[in-house]
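If you read the protein sequences in the order shown, they are chains L and Y.
Every number in this note's numbering is 32 more than the matching position in the first sequence, counting from 1.
Every number in this note's numbering is 3 more than the matching position in the second sequence, counting from 1.
Treat each hint with caution, since some may be false.
[Claimed, not checked] Reference listing, derived: stretches of chain L covered by chain Y, where coverage requires no fewer than 3 residues with Cβ under 8 Å from a Cβ of chain Y:
#1 38–46
#2 69–76
#3 80–87
I should point out that these hints are in silico values taken from the structure, not numbers from a laboratory.
Just so we're clear, the structure is a prediction, and the values are computed from it rather than from any experiment.
The beta carbon of each residue, even a glycine, is placed where N, CA and C say it ideally should be.
The residues making up each chain are set out below.
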Amino acid sequence: MVCPDLEQLDECLAGAMSDEDRASIEAHVETCARCSARVQEIRANLNVVPRVATIVRTGRRTGETQPAAGPSPSDDSRFANRLGPSRGDTTPDWIGSYRIVREIGHGGMGVVYEAEQENPRRGVALKLLRFDAATPELRRRFEHESAMLARLNHPSIAQIYEASTFETQEGPRSFFAMELVDGVPLTRFAESAGLGARQRLELMAQVCDGVHYAHLQGVIHRDLKPANVLIAPVGGTDRRVGPDRAPSDRTGTFAHPKILDFGIARWIDADPRATTQFTGVGKIIGTIPYMSPEQVSGDSSELDVRSDVYALGVMTYELLTGRLPYSLDDRSLPEAARVIREQTPTPIGEIDRTLRGDVETIVAKALEKEKERRYQSAAELAADIRRYLNHEPIVARPASAIYQLSRFARRHRGLLAGAAVAAVVMIVATVVSTWLAARAIRAEGLAADRLKDAVAAQARAEERAEAARREATKFKAALEFIDDTLASADPYRSPGAKEVSLGEALARASDSLTSGALSEQPEVEMSVRTMIGNTLRSAGDYESAEAHLKRAVEIGERLTPGGSEELALALNKLARTWESQARFPEAEEAYRRALEMRQSIHGEAHIEIAKLKSNLGWLRHQRGDLVEAESLQREALAMRRRLLGESHTEVATSLNNLAITLQALGNAAEAERLFRESLEMDQRLRGEDHPNIADTMTNLALALKDLNRMEEGETLMREAVKKRGALLAPDHPAVATGLNNLALFVFRRGAFDEAEALYRESIELTRAALGSNHPTLAMTFCNLAAVHEQQGEFVDAEALFRQAIEIQRETYGVSNITTVGTGFQLAVLLMKQNKLEEAEPLLAAAVIGARGSLPAGHWKIGLFLRYQGELLMRLERLDESEAILKEAHEIMSTAFGAEHPGAARAAELLEEVRIKSLKQEAAAIEP
Amino acid sequence: MTMRIPFNPNARPSAGVVMEWTTTSTILSQLRDRQNDAAWSRLVERFRAPIIAFAHKAGASQTDAEDVAQETLVEFAESFRLGRFDPSRGRLSRWIFGIAFNQILRLRQSNARREAKAVSGMDTGFWHDVMDEDRAHELWELEWEQAVLEQCIARARKEFTADVMSAFEGAVADHRSAAEVAADLGVSTKTIYNAKHRVLTRIRAIRAEIEEIG
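Kindly produce the complete structure, drawing on both the sequences and the hints.
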């Protein structure tokens, strides 16, 4: 064959020739080096064509290249009177570079057009928003967020191509250009196609996939409803949305859901005119029925991925039963909100008997009032739907008796003061356990009824019924246990009984467990011990907590050797207990086990995994590995943001935790920024009266101290101490820590007596709360030592430093950065007293510890080296001293600049040591 | 790859006058001479636009974005003079991105408190978002490619005749077949294909001269 020319090769690569011709050319190219090289060249050229073409066309429109036909977006006059029918105008011809074909619809948010994009040439849906990006900042936000939305690329999500703003005579208008979907709304499709429950669930699982994908990209929909999910034909070619077009094919041709408007709700809602949810007579229209309890409460900061999960639950409910969970017709908005927040929807099994059992449980879990109890992600919901479809056991469980009891208690809080609780527990426990048992039996009967012909299915149903019965027994036993424990305090059953405190109740429960009250029911015992252990830990009784939690872990290991969520929970609580006792190696091992277990159960991204990473990060921080600590905290923060959204109490916690580590790494300015962000978020979400607020305030004040903003810091610290005093018991360890922190500021402004008094009070409280061998105590010893040192009371100071080091060596380890830091402080004190030989090993250890814990070049390494260099100089070990001081000088100069006092002092010492060396040399030469 | 979101045309810096063509390697070697103002101007002309566009998209105001570009280019030139750029460690664009991204982080840090106050009470999630580096890099690559290709096309216009450029543009930009373009221009389809590939090949070569440091 003769070598093909450029035209033929181009067409061949573009696929613009017959298969036969293409095969012939490809065969030739394989054997012809020259043509093979040309193909490479052409292919490389074609790769840049799309971008080049866009630039050429843009250049033409903006007049940078040559005049061209077509619209010019910068020419405002072209857009005069083009604001669509919503403002009483005619349909525009062009918006931006889109030619308007027709109006598809209009509503509160603006107008939707079918339009044609020039390049690439395709039909698009163009949503012209009422929202006006009136300020440059708002416009920038809009474009920035839209850039994120344009990244969503999933077969179940209608692609957003572009979001922009264009100028009109009336000001800027914003629009979205998105994939034009040929389809019909989910519910209408299901009805007209006559889908069965299984097919409907299959569709919902696909919708969940798309929603979960977007959540992983950090985008929440906020307005999921059947109208926003169109079912599109697979491989359809007609790009027009036909309102009258109904699916005619029941075989699955229309099988693919497309979710519209992902992430744009906040922009649509940006205009208050768009949020009208009422007709003239106050009847609710629009999207209220799909809103979660947190959404109808109107607090947008509470919205996260689980709000979308709720909407998916409502859609599933509607798709399966043909009606909404709540009847909101003719209700006012506040009334509708109250119904959504408080009423329990009719179980779908009561509407359609065939939906009883797993499907009912799945939908109920998605519709839980408290988002913590819902599926934590759309993927979890999809997974359970698919488990049901595959005849596998689902993960969701009916609401537990204990949970229902707690909800009952919350509704009747006034009744449950004091010992009367036991009587109520008794009654409710009986009711709930009876209900659960009945439910198990009902499930069994139903299973037999529905699946009598299928032996395998019968076995599965029996298994589920058995599982339900086991659950019922477990809850009944747990409640009986609690009831028995509290019975002695119930004046109705034990005349003369007094009210019991929580501590007494827990002690009684512990005694019962020790005497084997639940030894026959290990699952129940594990749950109860985990709960009691955690409560004891929170109350500061670590020894008792440890005993319960260790036993819970032992039981869990026996019951589920391969691991389980219950075991991971017990391990996490045990780790936290050990951590509180400063038993760091044991705590770390337990955290890592729990983390691995949860990763194998939930995959990489899960809220509980983020929590564990954060816990582990703080532990690594305490153990001195600040670099790994930072990395873990960043991972936890990113995961929480992805799963929970930007504004959430757990995100606030992560910001605080990361800031603590950044501050320890020397980045006080960044730490300040994060502390403030965390504080602001917590204040907004939790209100002022929460201990976390006081904690973050304390941390922020300490960052301000590092930034030498003492007055501001002290004011904030005093506020934090006051808050803690009001919120916590006087003997809580955090109260003692607050006093210690406040004293730091008092000391810095020279009020030594006041500082000493605060430290001594803190020491007494810490000792009482945490014992005599706790690192918090060591920290306060060091601080008090500094007060004595400052006043020349070296003996007292030295004794305190030595006590602190002893505790830190035992709890943190010998080479931990905190331990060696105290060693450094002691060494400096010893140098002041000219006890050079005693100081030397302490300084050497400080340098080694700092090099092992801090990033290379950290100023603290430079500081330790400077003192080590000075010490060696004073010991006349000049060569060693010079090398060390050189390094100290380099580190300090790089970190703070050569003019910094630390760097200048290193330079001064270096000079001194050089002069000494010269003198020594001179003395050696002289006879 | 997702669609690029065009930024506000009002914020786009003007294209400026295309100067005499010089490879980036040459510009950088001339920059070693601190007095060489022409080299500095060329550097600014070549790389200022994508930095401004990137900073703008990352949330900076127009003024701040211009400051980011200025600081980035100063730091870039200085570190090149000090021999800190090692081509084996990555592309030129990646290097400039690293500097620009740090500048943006510094800017955000210094503006953080002011911004938090300014937007309090609004649902403004992304203001609190420290931009993820991967996402920022993706944005940067789009801006970089846009700016570099614009320069390549501008340069190609100077090197090819108007006829060749018309044929090229007709072939790549208007979604018309080569036969239609050929008929319009009164030339053969072969001429159209030749023009298309000659210009594209040259654009790629110019791109290499901009992006590679020999």
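Right, here's what the structure says about each hint:
1. 38–46: holds (count 3)
2. 69–76: Coverage by chain Y holds here, the residue count being 3 at a Cβ distance below 8 Å.
3. 80–87: Coverage by chain Y holds here, the residue count being 6 at a Cβ distance below 8 Å.
The structure shown violates none of the earlier numbered hints.
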